[in-house]
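Enquirer: Line by line, the protein sequences are chains A and B. Under numbering that gives the first Met the number 0, the first residue of the first sequence is numbered 0, with each subsequent residue one higher. Under numbering that gives the first Met the number 0, the first residue of the second sequence is numbered 0, with each subsequent residue one higher.
Among these hints, one or two may not hold up.
[To be verified] Some chain B residues close to chain A (C-beta under 7 Å, calculated; not the full set): (1) 0; (2) 1; (3) 188; (4) 190; (5) 192; (6) 269.
Hints listed in this document are in silico derivations from the structure and should not be mistaken for laboratory results. Note that beta-carbon positions come from the ideal geometry of N, C-alpha and C, so glycine has one too.
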Amino acid sequence: MKDFKVLNTRAPRIDGPAKAVGKAKYADDLTMPGALYAAILQSPLAHAKILNIDTSKARKLPGVKAVVTSKEAGLVRYGVSPARYDETLFAHEKVRYVGDEIAAVAAVDLATAQEAVELIKVDYEELPAVFDMFEAMKEGAPQIHDEFPGNMNAEVHQEFGDTDAALAQCDLVVDHTFLNKRQDAAFIEPHSCLAVFDLDGRLTLHTSTQVPHYVMRTVAMVLGIPVGNVRVVKPYVGGGFGPKCEATPLEMSAALLARTTGKPVKMNYTREQVFLHSRARHQFYAEMSLGVMKDGTMVALRNKAVLDGGAYTSFGIATVYYSGSLLGGPYKLKAMKYDGYRVYTNKPTCGAQRGHGGVAHRAAFEQLLDMTAEKLGIDPVEMRLKNIMATGDVTINELDMSSLGMKECVEAVRDGSDWKNKKGKLPKGKGIGMACGFFVSGAGYPIYRSDTYHSTVVIKVSEDGGVATVLTGSAEIGQGSDTTMAMIAAETLGIPLSHVRVVSGDTDLSVDLGAYSSRQTLMTGHATKEAAEQIRNAIASYLAEEMDCSPESISFSDGIVKFDGQPGNFQHIRVQYIKEHRGWTDPPSGEYLTFREAARLAYLKGGTLVGTGKYKPPRLGGSYKGAAVGTSPAYGCSAQVVEVSVDMETGEITVDNMTDAHDCGLAINRTLVEGQMQGSLSMGLGECLFEEVKFDSRGRVLNPSLGEYRIPTALDMPNVKSIIVESSEPHGPYGAKEVGEGAIMPTIPAILNAISDATGIRINELPVTSERLFMALKNKENA
Amino acid sequence: MLLPKFEYHEPSTLQDALNLLSELGGNAKVLAGGTDLLVRMKQKIDRPSHVISIARVPGLDAIIPRNGHGVTIGGAVSAGAISRHELLNDRFLPLALAAGRLGAPMIRNRATIGGNLVNARPAADLPPPCMVLNAEFKLKSASGEREVAAVEFFRGPGEADIEPNELLVSINVETPMPWTGGSYIKLGARKTLEISMVNVAALITLQSPDGVITDARIALGAVAPTPVRAYAAEELLIGEKPTDELFERAGMTGVGLCSPITDHRGTMEYRCMMIEVLVKRSLKQAVERAKSWKP
Ligand SMILES: Cc1cc2nc3c(=O)[nH]c(=O)nc-3n(C[C@H](O)[C@H](O)[C@H](O)COP(=O)(O)OP(=O)(O)OC[C@H]3O[C@@H](n4cnc5c(N)ncnc54)[C@H](O)[C@@H]3O)c2cc1C
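Next comes chain A alone, as it looks inside the complex (with noise of 0.2 Å):
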C-alpha cells in the first residue's frame, strides 16, 4: 500500500474541538435581529375534506404577522422524484394522514405563533381512512389519491433469467416471509430552519439538512423563486440518517412566511412533529423463494415486497427498487425474479433511512440463507463462502463488483469471532449468528434526471500560501465529510491537516447533491481530490519555470517541497518570501523550501490560486426498466457477527458481542470508519429489538417520544470489534467506498439468526421484544 502522511490515519475530526466545547452552531442557535417566529397547522385528522378554513381569528392576535394556506401558496406539485410530485406545501381540498400541513403563521414569538395556529378554525367532513397496507391494497378500500387506483403508489416487476425454471431444477426450494415496523430515524437535533430574503429577492436558507442542493431546487420551485436566487445554508447538522434528505414543509413555510413580512423567520420542528414528518424506514412485507442444489450452490431467489408508504411518495419510488436491486449480491445466482409494490395509507409518509430500500429485505433474505443452510446441514458461514462474489462480478442485474472484499470480511468475522468453536457448541439460550451484505458508494444517477456534476469543489490558497481552503456544498451531518475532505485535500497537496481549512454545506460554494446513498467520500472525494491536483500542478509549474527544472521532478509532502529528493537551490525564493514578510512572526525555516513559499510565489506570478475539480458517475448499470435503482462507482461490503444471549424464562434478548468487518476501500479516517461502523450497528440492533412507531386506531402516532420510542441506550450496546477490511476500488478517490449505511445490512438477520441458534426459534416479525420471544418460545414447547 501507498505510504501516505494524512490518510488512513486516525487524525482527529477537524470539527471536534468546536462540538466538544459547545460552540459549533446548529440551526437552531442562529438568530438575526427582528425575526419572527412560526408554527405550523397540522391536520387532527388521518383522512378528511377540507370544507373551508378561517383564519380571521388567528391574523386578528395581536403579534401575529402574518399567516398562510394554500390560498397563499399556491399548489405547486413537488415530491423527490419528478415522476411522483404528489405533495403542495399546503393541504387543500383534503387532508391525507394526521399531520398534514394545512397553514403556517408567522408572529413576534413563539408562544403567540402557536396560539395563533389554535385560532385557525378548519371544518372538516371525515373521510374513511385505511392505516394497514394489506388493507389499502383491498378492492373498495378508502382511496387516498384519485390519480393513484388501489392505492397503489408504485409498482415494480424484474426478472433475471427465468426463475421459475431455474427453482424447478434446484435440489431444494425455502420459502420465508419478514415483517419489520414503520422505524422513526431518531437523530437528536429536530428539523430547524431560519430563512431571510435580502432587499433583492434573494433568499438565503439556514436549514438543518443533508442535502443543500435538493432544496434549493424545491423551494425555488414551489415558492417560483429563481433558483439563482435561493441560497441553502446548512450549518452543524445533528444527525439525519436519511430523513433530511428532502425538503420539508418547514423549510418552505419559513421561506414563504419571510417573503411575506420581509422579516427573518426561524422555524423548528418538535419531537412530535419529527415523527409526523416522519421520511424515515418504511414498514416492508418480504416474501421469498430461495432456490440451492444440495452442495449449497445457490441458484433461484423469487421475492416479492410489500411496503407502507404512507399518505406520499418522498423517495418511495427509489426505496421500491432497491428492495429488489440490493439483493443481487453479494452472492451468484442464475435467476432473480422481483415484484414490488409501495401502497398509500393514512399515516404519516416513509421515506429513505440509512441502508436506504435494502435493510428490511438483505434481513430477510439472510434468515432464509440460514434457514437453507441448516437443511442442508451446511455451516452458514461455509455456505456464504461458497456463493459469494469476488473482485470483477457482475451481479444477475448488471451491477459491477468493482472492488469486493466480501470473502476477508467473511473469513474475517469468522476468526474475529471465534466461530468455529462457537457455533453449534454454546449452551442452550447462548446463540451465534452471521450475516453479509453490501450498499452502494453514492446512487449512479441524481434523483432528477440530468446531465449535473454530482460534486464539484473549489480550493483556494491563502496569499500567504500557508492555508488551503476547500469550498464544497457537501454536507457535515456528524459523519465525518469535512475531515474527510480535508485529509483528501492536505495529502493530495502534500501539506499537513492543519493547513486546510473546510467550508462546506453551502449552495454558493460548489455543487454536490449532499449526504445520502452513501456518496460523499467517493463522490465529494474525487471533485476535492481533483482540485487540489489541480493546484499542485500549478504550483509545480511556476517552480520548475523559476528553479529551471521540470515539473516532475518536484514532489510536495509535509508541507515542504524537494527537487528530485532534494531541497534544492532555493535561497531566492526563501529571501523574496521574508522580504516581504518582514516583521512578521513566523519566517520560513529549515532545510527545505516549505508549501507556504511555493504557493507564495505562484500566487506572484499567476494570482489567488484556485483549484477546481468535478465528478460524475460514467454511465451504469443494464438498460432494463428501473436498471438506474442500484447502480453505483462502487460497492462496500460486510459481514457481522452476533452472539446473544436469551433468557429462556421472559424472553429477554442481551446482546454480548457484535464482530463487524466492512470493506471500505481505503479507510480515509480509521476512527471514523469505525465510527459508522459502530452507528450502523446501533440502528440494527434498535430496529432488531426495540424501535416501532405505534399508531392509534385513528392513525395519531402512539409514541412520538425518545421516551417512548426506544433507540438503544449504551447499555443495550455490546462493544463491537471492528475490523476494517481495505481493498482497493479502482472507481475511488485513493481507493476509497462507502461504509455510512453498507455497515448496518448485516446487524438485523447476524441478531435473528444468533437468536434462532439459541431458542431454535425463527422469529419472523420485528421488532423482537422480550413479549414477541416468550411468546414464540411458549408456543413451540405447547405445539
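Place chain B with the ligand on chain A using the hints.
Expert: Coordinates of chain B with the ligand only, in the frame set by chain A:
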C-alpha cells in the same frame, strides 16, 4: 414545546412553603425535580397557575439514620442519592436497587422520591420497595401533620392520599430484622431508561441462615391501577423452608392478585406470566441475601 404561563415561588423555609400551599392549594403544584411535572405541563395535562419550588427548603434533601432502628429520607432526596447511599444499600436494599433503576443517570440526579411517590404512577419504581419496607410517609400542612403507611398511600393511577395543601416531607423506614434480605427486579424493553412492564420488590426474613421464613413481603408494580402487596403469596411463605418449588407457588399465587392491562408496552397475558417468573426470582435473590446477612 413551551411551558404554559405560571407564577413561580421559591420559599426558603418549610413554614413558608406550607403557608403558600395552604393559601394557593388547588391552584398550585409543588416542583421538586420536575421530571414529571414539567413534562406534564408542557403537554398541557397539568396547568397550575402557581408553581412552588421546594429546592430551597432546608433539610428536605437529607438522609438521616436514626441510630440503629431506622432511617428518615427527606421528600426531596434524589433517586441518585438513594441509589448511592451506603446504609440504604446495606439495610434497605430494595429501595436502593429500585432508585438505581429509575430512568438514567441524568434523570436520577433530578428525580426525587417525593415526586415519584406523589405522582403515583402504577409503573413507578419507588412505591414497591417502600411497600415491602413498611415505610411511613410524613405529610405536613400549615395546620398539622400526619403519617400514612406506604401500603395505604396509593389510590389509583395518579392518585394518592395527599391533599393539595400537604407536602410529603419525609419517608420513615424501620430497619428490618436480622437475617433479612431484599431484592428488586424490573422488566422493561431496554436495559435502562425504561418504564416497567412489571416490577417486583421482595423482602424476606429468615429465622436463621438455614431456618424457615419468618417474614415475607412482596410488592408488585405495573400490574394493577396501583402498586400492590401480594399478601396471599406472602402468607404462603411464612413458616416454610425456602425452596425453588415454594417460590414457584408464590409466583403463581402472585399472579392471581394482579389485574394488569394491555397497552403498547406489553399485553396483559405476557405481564401475568412475567409476574410469576419475577416473583420467583426476586424471592430467590432475597433469600440468598438474607442468608448472607451481616450484623
Ligand atoms: C426520561 C424520563 C425517564 C423516567 N424514568 C422513570 C423510571 O424509570 N421510573 C420511574 O418510576 N419514573 C420515571 N420517570 C418519572 C419521574 O422521573 C419520577 O417519577 C420522579 O421520581 C419524579 O420526581 P420529581 O422530583 O422529578 O417530581 P416532580 O416532577 O417535581 O413532581 C411530580 C409530582 O409530585 C408532586 N410533588 C413532588 N414532590 C412533592 C412533595 N415533596 N410533596 C408533595 N408533592 C410533591 C409535584 O407537585 C408533581 O405533581 C421518568 C421521567 C423521565 C422524564
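Enquirer: For each hint, tell me whether it holds in the structure or not.
Expert: To see whether the hints hold, each was checked on the structure:
1. 0: Because about 6 Å separates residue 0(B) from the closest Cβ in chain A, which is inside the 7 Å limit, the hint holds.
2. 1: It holds, given that the least Cβ distance between residue 1(B) and chain A is near 6 Å, below 7 Å.
3. 188: Holds: closest Cβ of chain A sits about 5 Å from residue 188(B), inside 7 Å.
4. 190: With a minimum Cβ separation of about 4 Å from chain A (threshold 7 Å), the hint on residue 190(B) holds.
5. 192: Constraint on residue 192(B) satisfied, holds at 5 Å.
6. 269: 4 Å, holds
In terms of the numbered hints stated before, the structure departs from none.
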